[in-house]
Amino acid sequence: MKLHEIENIEVELLLEAIFQRYGYDFRGYARASIRRRIKQFMEGSKIATISEMIPRVIHDESLFNEMVREFSITVTEMFRDPAMFLALRENVLPVLKSYPYIKIWHAGCATGEEAYSLTILIKEYGLAERATIFATDFNDHALSLAKTGIYDLNNAKQYSLNYQKAGGNGSFADYYHSRYDAMMMNNELKKKITFANHNLVVDQVFSETHLIFCRNVLIYFNRELQDRVLQLFHESLVHGGFLCLGTKESLMFSRVEDRFKTIDKKNKIFQKID
Amino acid sequence: MNVQSFKAVVIGGSAGSTEVMVKLFSYLPERLELPIIFVNHLHPEDDGGLVEYLSCQTALRVEEAADKEHIEGGTIYVPPADYHLLVESDLTFSLSIDRKVKYSRPSIDVLFESAAMAWNDRLIGIVLTGASHDGSDGVRAIHKYGGLTIAQNPDEATYPIMPQAAITTGCVDKILPVAGIGLFLQACLGHNTVPELKKVNAHD
Chain A
1 MKLHEIENIE VELLLEAIFQ RYGYDFRGYA RASIRRRIKQ FMEGSKIATI SEMIPRVIHD
61 ESLFNEMVRE FSITVTEMFR DPAMFLALRE NVLPVLKSYP YIKIWHAGCA TGEEAYSLTI
121 LIKEYGLAER ATIFATDFND HALSLAKTGI YDLNNAKQYS LNYQKAGGNG SFADYYHSRY
181 DAMMMNNELK KKITFANHNL VVDQVFSETH LIFCRNVLIY FNRELQDRVL QLFHESLVHG
241 GFLCLGTKES LMFSRVEDRF KTIDKKNKIF QKID
Chain B
275 MNVQSFKAVV IGGSAGSTEV MVKLFSYLPE RLELPIIFVN HLHPEDDGGL VEYLSCQTAL
335 RVEEAADKEH IEGGTIYVPP ADYHLLVESD LTFSLSIDRK VKYSRPSIDV LFESAAMAWN
395 DRLIGIVLTG ASHDGSDGVR AIHKYGGLTI AQNPDEATYP IMPQAAITTG CVDKILPVAG
455 IGLFLQACLG HNTVPELKKV NAHD
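Order-wise, the sequence lines are chains A and B. The first sequence begins at 1 in this note's numbering and counts up by one. The second sequence begins at 275 in this note's numbering and counts up by one.
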């Protein structure tokens, strides 16, 4: 048997062990990225082979927690893909404005940068009073960082530029105060967002949602899991509700493709029609 | 050397590598049966400009790789800007926004390592001109899983750092000038077997 075939077996066994022991189900994840993260974690922990990780992870919960932390940290930024935020402002918020109450779900918020961006957008459009914003992730470590709302001040310039391109009508500096090399998001914004643990792979629908924002999460899943999650989103949305995906993600090949109308092809904004 | 039949070519480069790719196009067979995946360190806001530019330089199909898309022969793929591009074992692409690797996303190492697992000894990996160390871990991985590795001759590269870093790993099978890489690809993609080493060296 060739080396790569052996490694594939090791990865499958490790993911199965994690699922059975802790209930975290990574079995539907696209393998190439997760394998890379496993290997990186191994290097950091001085573990020689993937199969050697299995007994370690099964018996050492703290090691497992460290690993999950590594598995699911994605890197994002404030107003990543400004054109998409501009499109939301121009084409989606005017429709949401007609609702007396707006429920927004940011699924897979990681460390929260985009949740704050979205909240700034909602606030500037005058919808903050009637909007409830849920930002969820299955990674408690990422969620705790998101809740503190403290980011690296070195990124402020880039974020500010993104904010302007996203059509921001104030100054990005009004939304944080800086201390040493940290950027701390305003309490007013923080209070507006409810951060909560939710796992897209195993947890249930978020009912009666008007806007679901889930960007660069589906790319980590295989096709079957992508399909399952898109169905979950479909069920969670009100009729006429909006779904916003990452710019390189799509509804193509999913079972719900026909049940959405494309609002903005380039920025991947869809509306539930059926 | 054993006769191997190759299933894919991965190419990585940074500063100056787009021009080298264009030169390599003139050596490729008209009916290319393999996919070629080219990772270049794009500006994060490149919006399809590279695909457009390369398309104008070759009759072959040039496409931006899409998430979960099946990888087709006869196509030259480039990653979307600001995403890592990975190959899955079922020969589909995956994208990721994981941390930058050696200051780069897309990263050559990330592509090469995943491609090495997917194609193992049926893969050719090439490192071209560039001013970073990206690609050296990738070359190590391709070598480890039995693939064939080539570095552009640093003496001839506009920026020698990248091919030199690859060579320093000790995992590079051939060091060739651009024309040599072209002739090598021509010879082995024409009939999908490794040509006699002598033949290639004759054109160096």
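Mixed in with the good hints, there may be bad ones.
Examples of chain A residues toward chain B, derived with CB under 7 angstroms [claimed, not checked]:
| no. | residue |
| --- | --- |
| 1 | T74 |
| 2 | N216 |
| 3 | I219 |
| 4 | R223 |
| 5 | K248 |
| 6 | N267 |
| 7 | Q271 |
Since the hints were derived computationally from the structure, they do not count as laboratory data. Here the structure is a predicted model, which is why all the values come from computation and not from measurement. Yeah, the Cβ is synthetic: ideal placement off N, Cα and C, and Gly gets one too.
Is the interface hint satisfied for A:I219? The criterion is a beta-carbon contact with chain B at less than 7 angstroms. holds, 5 angstroms
Hint check: 7 angstroms Cβ-Cβ cutoff, A:T74 to chain B: This interface hint holds because 5 angstroms falls under the 7 angstroms limit.
Return the status of the interface hint for A:K248: holds when the least beta-carbon distance to chain B is below 7 angstroms, violated otherwise. Since chain B brings a Cβ to about 5 angstroms from A:K248, closer than 7 angstroms, the hint holds.
Would the hint on A:Q271 be counted as holding, given a Cβ-Cβ threshold of 7 angstroms to chain B? Since the shortest Cβ distance to chain B is 22 angstroms, the answer is violated.
Residue hint A:N267, partner chain B, criterion CB-CB below 7 angstroms: Violated: closest Cβ of chain B sits about 12 angstroms from A:N267, beyond 7 angstroms.
Does A:R223 meet its interface restraint, that is, does its C-beta lie within less than 7 angstroms of any C-beta in chain B? For A:R223, the interface hint holds, since the closest Cβ of chain B sits about 6 angstroms away, which is under 7 angstroms.
Would the hint on A:N216 be counted as holding, given a Cβ-Cβ threshold of 7 angstroms to chain B? holds, 5 angstroms
In this structure, the hints that do not hold are numbers 6, 7, in rising order.
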